[in-house]
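Protein chains: 4
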Amino acid sequence: MSSSFGHIFRISTWGESHGKGVGVVIDGCPSLVPITQEIIQRELDRRRPGQSSIVTPRNENDEAVILSGVLDGQTLGTPIAINIMNKDHQSSAYDEMAVTYRPSHADYTYDAKYGIRAWAGGGRSSARETIGRVAAGAVAKAVMLQAFPEMEVVAWVSSIHDIQAKTDWTEATADVIESNIVRTADASVVDAMITAIEAAKTAGNSLGGVVQCVVRNCPPGLGDPVFDKLDATLAHALMSIPATKAFAVGSGFDAAMMMGSEHNDAFYMDGDRVRTKTNRSGGIQGGISNGEDILIKLGFKPTATLMLDQETVNQSGEDTTLKGKGRHDACVLPRAVPIVEAMVWLTLCDHYLRQRCQRS
Amino acid sequence: MSSSFGHIFRISTWGESHGKGVGVVIDGCPSLVPITQEIIQRELDRRRPGQSSIVTPRNENDEAVILSGVLDGQTLGTPIAINIMNKDHQSSAYDEMAVTYRPSHADYTYDAKYGIRAWAGGGRSSARETIGRVAAGAVAKAVMLQAFPEMEVVAWVSSIHDIQAKTDWTEATADVIESNIVRTADASVVDAMITAIEAAKTAGNSLGGVVQCVVRNCPPGLGDPVFDKLDATLAHALMSIPATKAFAVGSGFDAAMMMGSEHNDAFYMDGDRVRTKTNRSGGIQGGISNGEDILIKLGFKPTATLMLDQETVNQSGEDTTLKGKGRHDACVLPRAVPIVEAMVWLTLCDHYLRQRCQRS
Amino acid sequence: MSSSFGHIFRISTWGESHGKGVGVVIDGCPSLVPITQEIIQRELDRRRPGQSSIVTPRNENDEAVILSGVLDGQTLGTPIAINIMNKDHQSSAYDEMAVTYRPSHADYTYDAKYGIRAWAGGGRSSARETIGRVAAGAVAKAVMLQAFPEMEVVAWVSSIHDIQAKTDWTEATADVIESNIVRTADASVVDAMITAIEAAKTAGNSLGGVVQCVVRNCPPGLGDPVFDKLDATLAHALMSIPATKAFAVGSGFDAAMMMGSEHNDAFYMDGDRVRTKTNRSGGIQGGISNGEDILIKLGFKPTATLMLDQETVNQSGEDTTLKGKGRHDACVLPRAVPIVEAMVWLTLCDHYLRQRCQRS
Amino acid sequence: MSSSFGHIFRISTWGESHGKGVGVVIDGCPSLVPITQEIIQRELDRRRPGQSSIVTPRNENDEAVILSGVLDGQTLGTPIAINIMNKDHQSSAYDEMAVTYRPSHADYTYDAKYGIRAWAGGGRSSARETIGRVAAGAVAKAVMLQAFPEMEVVAWVSSIHDIQAKTDWTEATADVIESNIVRTADASVVDAMITAIEAAKTAGNSLGGVVQCVVRNCPPGLGDPVFDKLDATLAHALMSIPATKAFAVGSGFDAAMMMGSEHNDAFYMDGDRVRTKTNRSGGIQGGISNGEDILIKLGFKPTATLMLDQETVNQSGEDTTLKGKGRHDACVLPRAVPIVEAMVWLTLCDHYLRQRCQRS
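Residue numbers (my numbering), protein chains in the order written: chain Z, 6 to 365; chain U, 6 to 365; chain C, 6 to 365; chain F, 6 to 365.
Calculated directly from the structure, the hints in this document are not laboratory data.
Incorrect hints may have been included.
Identical chains blur together in the list; that is why a pair holds if it fits in one copy or across any two.
As the list claims (entries may be wrong) - List of simulated lysine-lysine pairs, BS3-like, C-alpha gap at most 27 Å:
| no. | residue 1 | residue 2 |
| --- | --- | --- |
| 1 | Lys282 | Lys328 |
| 2 | Lys171 | Lys206 |
| 3 | Lys25 | Lys92 |
| 4 | Lys330 | Lys282 |
Remember, predicted model here, so these are calculated numbers, not experimental data.
Chain Z with its partners taken away, still in its complex shape:
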């Protein structure tokens, strides 16, 4: 039951990093939604390794093939299976990891849980698993855009280590973000971010950072109190992305330092639409969208695999040291942007379909 997400628009991903491939099956997608392999591929290309000088040089072109559920560019309402076969394996780089646990990686815990582990390339714990999410996210996006053509989910790298983008929630545009290889919304910090990543890479080290995401033109009424509040399911979705350590909506942890009179968002009428003057709620009140922009922050830790000697233990229970091999991102954030967007689309799409049940 580990690998499925969503209650109505339900995805199941599968695949190990150095196995035969990875993929996803989408069950519960409405029929008659326009979708093509090209639309899916466009999102995968934003996620794939080797796309720029600051990401891992592994050459994985990650070609999506739709095997079912789509006919002549339209969904059939039956499960959509999408496969991406693996190609560029260099398992030998991982030989040592077959017996030695990488610090702050999933090697030890997988062994503790399953008693067996596909060690090559990180196996199931590899970020390669997220390919299925991005492919399914492209389908969820198509469902939502059919119903709400103005809707937009825009994520960007808002900080890397100590370099902060200054762009405001309302200013961030996909055009700027996609115009630079770091995927930040603030053109003025692009060079500094690239320099920082390259320096970390040269040093065999790695960097953390923050991704922000805004949802624009979301209809009010999405989100299911009590347990499946929109913010709670977004937290679930986004904290399931590898390397995440913190999630915030609207005012986030800053809310803790505020008084009610500072935090509350006053309502006002904008024509016949109910609006709020401020947006500390981050577009969600009582777990339900209120029509304002949904504002999310997601904190990522630095990549665990380092090209430096680290103290660790092996499967035989001995203390030892390990130095990373293989080809890794010194900073995962630029490639995390499309994954964040995918998980947000998947969450919103599931809530939208739930709401179709709730009110006809």
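The hints should help you fit chains U, C and F onto chain Z, whose structure is shown.
Just chains U, C and F, lined up with the frame of chain Z:
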């Protein structure tokens, strides 16, 4: 589907604030677990209004009655229904809210979602709903303590507005926390916190804050990659608590400012047990517990209901102002502590039972 | 996970026969559906013991109380909790069953599964559990009638032991069925059926029989291939009713003796509606309703509890004999009719809401 | 949500008959279970077209490829994806069905439900979908045999049209069944059954029949009251197989004609094991296995596609006639046998893993 949580140990809560009562049905609880009404009541008493001078003076004694699933102090394996009837209604204090939306509350969004709303006392969006969670959490705790007698979930108020507790994760004890009405782990800040809450109350205002929670002696192997990572499901569980705005595990947002060499937790052997020298992972790696303490932070916004004039709109689509009435907490955090613990026990218990499927 | 049914319109029942009560929580019911306690009570009164001379004389008036989810006669969209408290216990009649297993009852298997058992009155395995189903079925029916006012689910006793009703699927009417205490659709066999039941009762014996059920004016398009075909989920729903041994849709087992040319239902146009000339499909093709009457047969075994000496064993692993005590139905079928209808409404309602997701 | 089955051992099938392929993803399989492609292929070969003179001559060798979740012959505990690519398409034979509805097929209802339909080869409603079930069933069987090496699920064709096998539940053996192309347990009726099928085929007609299935050495305690009784979930599983019209457990519809004193199964001690002298319960009491043989009957209608003129309508709403083309089974039962067994293994495996949660 809005009101259930858990895949195997599955709870369903019900009830509106000023309806006939609230309650919970637990399905999937193992048989032969010792539980009594008294064990459940003890947790509810920590959550109930009127327990001290700094919480709402509503006199709700919240008496839990087990209606099914327990025989002679042991679970039967069949559903456990627990009811708590409502008593102390003062719906008249809410008359105005029947037609006017409280800023940053769930009034407007419930109307947007359902087209109808139990306005009295906040209806389903009231924190009264969490009674069912706390009752069910007591049962989850009993399941876990039967299997892991040394296990401990300890939460406390680590900040209120700008007052910070200094207590470390390893130092916090239930004894200190329960000895003061703010439920903080640092005795030296108790008076300052109480003063701050009372000042806010007098001013008709409210305060936010942070709750920290540590899980001790959790077995390794809990948590289900990919989507139901332990940290992702904890985020889901905890962000479903009313008034939460941010969630962090281990290093949290601080991870974004660190390099891999600073962040990684080195492994070492402690006898035949694999341990980490530091704990920036917060006890979870690759979504699975590693046996170290699980470290969680949860940010709460200030209570939305204020005894101050606020700009808002009414159901007829007119701009207006609203001043809160009724009896409310000026700061929800002291009463949030048992709710946080309950959600953590519920999450862990579900993962423990999942792991019993995974490996016999 | 044992006690929930439905994917979107999801019910969870709870309660043991001689515990404090029984009940149901409905999660996922749309808002703004008209429902009252009286509508629910009407269905419960058709199920309750003591309603006529041929059913168990236990005096359980089974009063339903709606505790949540309904305001001023309309659903809120939040969980609907319905409780029915227990009253007329005579646990002493069951003392012997605390240690001795009733043949063909659930006593032994509950012990084998749970290692504990609420033996009084059959505990959770008692047909008293079906009260929650009937209450929830009344709500499901209200949802469906709001959307499809012409829809009808009509069940009746079509045979008891060797006495067969002659009424055809198209002729059965609720008026005739409810006018006689056996709830058969054929007035000419009522007396024979009553005589047979009374004779069995006098002899301390019991009788099996068949219930038929027709759904009229069901919209086409309900049912979810592949696994959740409408007939498969109806089979699941109906075979979960205590004492059922067989299920058939349309031609049922007779289909096995037919050739394709005899079995196929020819299509024809009736105005702009696609109809079939015959209905061996029983209103379902490929797991999806086709708009024709849905035709179901359900076989019930005779009541297991007999007022006769029977060979059995006890919990200590000794051979022994047991003679039933307490007050039981010599034939469960008359009271099974509203339970069958309830399970059919619940199944159809869940599929209808699923279809609202599938196509807007 | 249409294409998943199981709560813990959860399978999701995908694929249309004339699409790129079909397959299954299994989520929730325990780790360290021995499985290979060969074990899966063996079951698929029993299901595949073209295996004998009495089944469809379509040459589909249906080669299973495990893409994930298995390493060196052992399950990893992560999702197992199995793909079977399509090869032998003759979509042209289906051209007419693109616009004309085949009587008693799923063409019309798919259009009614989805507003679109993969018409070639029946699309998603084709029995080709069951390949994924058979592949997953082989894995479920491996899980069960690891835990219960003596366990056996044996299905056979017990009747075709009016030809009845005489073999008793206790006598049926896999050896006899697999030694004849009809897959009946009674060698004396093999020739008659073959002759009947060939005659129907020559006439362009088709035949129905009955499959029986026995589960031997099932442990007591499997099955989850209330709604997920073992018999109810078996009914769900088996009635989801295309062309089924009726399901029976133990005494089945015969129970309706019996008195309690005839039907009840007396308990007795067999050493320290509780046994029943007769088995009208069919191995299940109160929805839970009692350790006796589980006895199931499943009624199949004759294949809907006939090589005869049939009255029908087309998508434009006109009356018309249709004569089948393509290559079809005149009787699906011989190939249904491994599908029945697969669904039974899948159901039992899910209940076994549920029981591991229930009692450690």
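So, going through the hints one by one against the coordinates:
Taking the shortest alpha-carbon separations for Lys282 and Lys328, only the inter-copy value of 18 Å comes in at or below 27 Å, while the best intra-copy value is 53 Å. Within a single copy, Lys171 and Lys206 get their C-alpha atoms as close as 25 Å, which meets the 27 Å cut-off; across copies the closest is 36 Å, which misses it. In the homo-oligomer, the alpha carbons of Lys25 and Lys92 lie at most 27 Å apart both inside one protomer (8 Å) and across protomers (20 Å), since each shortest distance falls under that limit. Within a single copy, Lys330 and Lys282 get their C-alpha atoms only as close as 52 Å, which misses the 27 Å cut-off; across copies the closest is 23 Å, which meets it.
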